[in-house]
Amino acid sequence: MDRRPHLLVVSGPPGAGKTTLAHALADALGRPAVCRDEIKERMAAARPAPAEDLGLDLGPDQDLNQRTLTEFFRTVDGLLRAGTDLVAEAAFQDRLWRPGLLPLVGRAELRIVRCTVDPGTARERIARRAAEEPGRAVHADGELLRRIARGERPIESWVPIALDAPCLAVDTTRGWSPPLERITAFAAGAAGAAGATEEPSGWVGNHVPRGRKS
Numbered sequence: 000m001d002r003r004p005h006l007l008v009v010s011g012p013p014g015a016g017k018t019t020l021a022h023a024l025a026d027a028l029g030r031p032a033v034c035r036d037e038i039k040e041r042m043a044a045a046r047p048a049p050a051e052d053l054g055l056d057l058g059p060d061q062d063l064n065q066r067t068l069t070e071f072f073r074t075v076d077g078l079l080r081a082g083t084d085l086v087a088e089a090a091f092q093d094r095l096w097r098p099g100l101l102p103l104v105g106r107a108e109l110r111i112v113r114c115t116v117d118p119g120t121a122r123e124r125i126a127r128r129a130a131e132e133p134g135r136a137v138h139a140d141g142e143l144l145r146r147i148a149r150g151e152r153p154i155e156s157w158v159p160i161a162l163d164a165p166c167l168a169v170d171t172t173r174g175w176s177p178p179l180e181r182i183t184a185f186a187a188g189a190a191g192a193a194g195a196t197e198e199p200s201g202w203v204g205n206h207v208p209r210g211r212k213s
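Going by numbering that gives the first Met the number 0, the first residue of the sequence shown is number 0, and it counts up by one from there.
Hints listed in this document are in silico derivations from the structure and should not be mistaken for laboratory results.
Nothing false has been slipped in among the hints.
Label pairs and their computed distance ranges (CB to CB):
id, residue 1, residue 2, range
1, E70, R135, 16 to 26 Å
2, A81, E151, 34 to 44 Å
3, G29, D62, 33 to 43 Å
4, T172, Q92, 12 to 22 Å
5, D117, G77, 31 to 41 Å
6, D1, E151, 42 to 52 Å
7, A187, D1, 17 to 27 Å
8, E151, N64, 11 to 21 Å
9, R135, D26, 16 to 26 Å
10, D1, P118, 38 to 48 Å
11, V104, E70, 19 to 29 Å
12, R3, A27, 18 to 28 Å
Quick reminder that beta carbons are idealized off the backbone N, C-alpha and C, glycines included.
Given these sequences and hints, build the entire structure.
Following this line, the structure appears as structure tokens:
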């Protein structure tokens, strides 16, 4: 039987350190990293003049998120079709991740890393990168911070991927717990090597499977 390529998904709410971890895992595993925010920044930088400058009645950036979503999964799909192992990272919630991943699960070995973080730490990271990284303007970090200030809970209410695949929760509040070598071993498929609780990705919160009552 032909070997199926490995797809490692790094997921989690905004400010959870997903991109940093995804690139560290990609380097450790020798795989390319496909990161949603990086794709969006490239697409924003390459797009033509604003619609209003062309005399078009279109809202600013109204389709950029959708085009980024399409390009993200198109890139992942293309690499898998070429037999390439890869790391894919995004802050998508289940409603966006699952429809994009379902067509891929039959031809890839899927594993999921779910980043968790203290909400206060996430807010500090979002504020810092909004102030220090001009390219982040395209991601509307300011609006996310305003939602937090209004008492909304976008970090806590983030919905994880609900698919039947091995999933490892990684606390990124202070470094990585478990450490990188154990996350890498999990990503590579080494049985029992993660040194932390591995669970089906559809399990959330207090480890009650989605759709069941405790």
